[in-house]
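There are 2 protein chains.
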Amino acid sequence: MKIDRIIERMDKDNLNTLILLKSENIAYLTGFYPSSIAILILKDDPVLFCSKMDMEEAQQKSSISVEEFKSLDELRKIIKATIQGRVGVEYSLTMGTYRKLCGEMQVELTHIIEDFRAIKSTDEIKKIKKSIKIAEDSFKNLDFSGNEDNLAAQLEYNMRSAGSNKPSFETIVASGSRSSLPHASTTLESLESPLMIDWGAMYQNYASDITRTLIRDEEKEREIFSIVLEAQQKAIDAIKPGVKASYIDEVARGVIEDYGYGDNFIHSTGHGVGLEIHEKPSLSFKSDEILEKGMVVTVEPGIYLEGKFGIRVEDMVLVKSQAQVLTHLPREILL
Amino acid sequence: MKIDRIIERMDKDNLNTLILLKSENIAYLTGFYPSSIAILILKDDPVLFCSKMDMEEAQQKSSISVEEFKSLDELRKIIKATIQGRVGVEYSLTMGTYRKLCGEMQVELTHIIEDFRAIKSTDEIKKIKKSIKIAEDSFKNLDFSGNEDNLAAQLEYNMRSAGSNKPSFETIVASGSRSSLPHASTTLESLESPLMIDWGAMYQNYASDITRTLIRDEEKEREIFSIVLEAQQKAIDAIKPGVKASYIDEVARGVIEDYGYGDNFIHSTGHGVGLEIHEKPSLSFKSDEILEKGMVVTVEPGIYLEGKFGIRVEDMVLVKSQAQVLTHLPREILL
Numbered sequence: 001m002k003i004d005r006i007i008e009r010m011d012k013d014n015l016n017t018l019i020l021l022k023s024e025n026i027a028y029l030t031g032f033y034p035s036s037i038a039i040l041i042l043k044d045d046p047v048l049f050c051s052k053m054d055m056e057e058a059q060q061k062s063s064i065s066v067e068e069f070k071s072l073d074e075l076r077k078i079i080k081a082t083i084q085g086r087v088g089v090e091y092s093l094t095m096g097t098y099r100k101l102c103g104e105m106q107v108e109l110t111h112i113i114e115d116f117r118a119i120k121s122t123d124e125i126k127k128i129k130k131s132i133k134i135a136e137d138s139f140k141n142l143d144f145s146g147n148e149d150n151l152a153a154q155l156e157y158n159m160r161s162a163g164s165n166k167p168s169f170e171t172i173v174a175s176g177s178r179s180s181l182p183h184a185s186t187t188l189e190s191l192e193s194p195l196m197i198d199w200g201a202m203y204q205n206y207a208s209d210i211t212r213t214l215i216r217d218e219e220k221e222r223e224i225f226s227i228v229l230e231a232q233q234k235a236i237d238a239i240k241p242g243v244k245a246s247y248i249d250e251v252a253r254g255v256i257e258d259y260g261y262g263d264n265f266i267h268s269t270g271h272g273v274g275l276e277i278h279e280k281p282s283l284s285f286k287s288d289e290i291l292e293k294g295m296v297v298t299v300e301p302g303i304y305l306e307g308k309f310g311i312r313v314e315d316m317v318l319v320k321s322q323a324q325v326l327t328h329l330p331r332e333i334l335l
Numbered sequence: 001m002k003i004d005r006i007i008e009r010m011d012k013d014n015l016n017t018l019i020l021l022k023s024e025n026i027a028y029l030t031g032f033y034p035s036s037i038a039i040l041i042l043k044d045d046p047v048l049f050c051s052k053m054d055m056e057e058a059q060q061k062s063s064i065s066v067e068e069f070k071s072l073d074e075l076r077k078i079i080k081a082t083i084q085g086r087v088g089v090e091y092s093l094t095m096g097t098y099r100k101l102c103g104e105m106q107v108e109l110t111h112i113i114e115d116f117r118a119i120k121s122t123d124e125i126k127k128i129k130k131s132i133k134i135a136e137d138s139f140k141n142l143d144f145s146g147n148e149d150n151l152a153a154q155l156e157y158n159m160r161s162a163g164s165n166k167p168s169f170e171t172i173v174a175s176g177s178r179s180s181l182p183h184a185s186t187t188l189e190s191l192e193s194p195l196m197i198d199w200g201a202m203y204q205n206y207a208s209d210i211t212r213t214l215i216r217d218e219e220k221e222r223e224i225f226s227i228v229l230e231a232q233q234k235a236i237d238a239i240k241p242g243v244k245a246s247y248i249d250e251v252a253r254g255v256i257e258d259y260g261y262g263d264n265f266i267h268s269t270g271h272g273v274g275l276e277i278h279e280k281p282s283l284s285f286k287s288d289e290i291l292e293k294g295m296v297v298t299v300e301p302g303i304y305l306e307g308k309f310g311i312r313v314e315d316m317v318l319v320k321s322q323a324q325v326l327t328h329l330p331r332e333i334l335l
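Protein sequences appear in the order of chains A and B. If you read the first sequence in our numbering, its first letter stands for residue 1, the second for the next number, and so on. If you read the second sequence in our numbering, its first letter stands for residue 1, the second for the next number, and so on.
Chain A extracted, bound-state conformation:
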């Protein structure tokens, strides 16, 4: 049982209780994704506190017993009266909620739940694959005669109709020189080369994340594109259990540096994907994580020539004895 293994790990870390508020952590542990504030007190006898509004659905779906809570104030009294020993909270807990809920109580910040979440179960991998399938199927039969807004609208309509309740992040469609902005919002610009499209679906709370940059048959675009592809392939080839996450970044960055574009690769090489669009591990030079079987990560090097254009290609990979690429769309697509 997942909860038993987590409680074992809490013992090892000398934590008697975890107070959890992050929706994704609550969904991971209970099967219920709260729609408003909810608090999971994790100890030998765990309880999920929900707002009145979420009670009906929580009682249907949560594997952990549910109680209604009326205010943080009331809950602080319960916590103060019942919780003993060392208490762990999430890094994402806000200062405001901490003070209302814990007063001045000493707490430890912990990544325990996020660490567990980095290794996906068979069931989670199934959901991620479905979320990828929805995103990839939605990319077919698009009409490229409109503008950035409209292309994003088509992609998102297709994903929504296929059962995704939301995009896993704001869809990026960046045309021509706008592709040099790695996170550009869409505009009324018509669609020109290079056309960077970064999109994904949430499906049963699991995310997918893909980027394709469509180019025309032009020398400079081809040159940059092939460097990015080479960096991506070498990074994917380097993935296996036991390797440092930072090494994957080093491999991709090394290729791009060798061609003289090191300063133009302005983000990390990838990140874990699951209940959150960005989660552990981080494929970054700053990361101290080690790749393990069952992790799902993106590999997404990019080169951005300010004011001119940018190219990024992103696939999702499952760490097995080596990398298994989960995304299936062709990488080279001409506009």
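To be clear, the hints were calculated from the coordinates, so they are not data collected in a lab. Careful, some of the hints might be misleading.
To be verified - Computed Cβ-Cβ distance ranges for the label pairs, DEER-style: (1) Lys-70/B x Glu-192/A: 29 to 35 Å; (2) Lys-100/A x Glu-219/B: 43 to 49 Å; (3) Gln-106/B x Leu-335/A: 51 to 57 Å.
We treat Cβ as the ideally placed atom computed from N, Cα and C, and that holds for glycine.
Please build the complex by placing chain B on the supplied structure of chain A, with the hints as guidance.
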């Protein structure tokens, strides 16, 4: 100048510096909505620190000078070396970022920026009206022959095509008995009465938020619907500057209680809307806020009969000498 008034208020609150990370607060103060972590140090000579990835766009859009930051660690050193006096941070600052950025530095939690944001400028009201127009126009010519997922897909496609970069929250389409879940995610259920639809658009970072519940000509549905409408109208009529926000909740709740459905109105009457979908003021019995000219709020009473159905009607209102209803869709729509 907005910044000058804020610095005046900081003086009054005895705060020498604010450290701000909430995207909406940064967008409010600089005009640039960051796509990844950014930190605004607000003092006499404010600086916005951005990731390399956001630099190009930040330099184009930010009214406050921009510098690149490489890590929270580096920034902590800058903060430690340059900041003196009392430091304010947002309630939404996470414990993880606080510890990395501020070490053990004493900080005050403050709502200053959120307080300013509650009163909308003419320009902000214009954006909110546009965001409402996009949401309302998107409601026209929908095809109700499909399922919940598909109706949400149509609405969101229309909003996206009209220039909204995302829904302001996850669109709710809850059919038949599912309408008793106030925050239901969509499913493959076909569309039956009552059909609760709660949707909104983000437009230039400003949100809209509307609910309509379509019913058939049936006695029980009609009865509940007319109680909700009466509660909503009386609440709207009670809105004017100087009135307590909690009083508006009291008025709506009073009507519903009089008809014997008090226990079935399981959320607050409304909330402010702007850069965030939920912001100040809260129209709740817990609120200690006073309505002021320029606030924009939702008024959205509802009655939820567990396992049977629910009805909610939601409009957006601008506080002037009295309430000006900003939403224009008819409230009564037969399915």
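These are the hints, each one checked on the structure:
1. Lys-70/B x Glu-192/A: 29 to 35 Å: Because 33 Å falls inside the window, the suggested range holds.
2. Lys-100/A x Glu-219/B: 43 to 49 Å: holds, 45 Å
3. Gln-106/B x Leu-335/A: 51 to 57 Å: Holds - the Cβ-Cβ distance for Gln-106/B and Leu-335/A, about 55 Å, lies within 51 to 57 Å.
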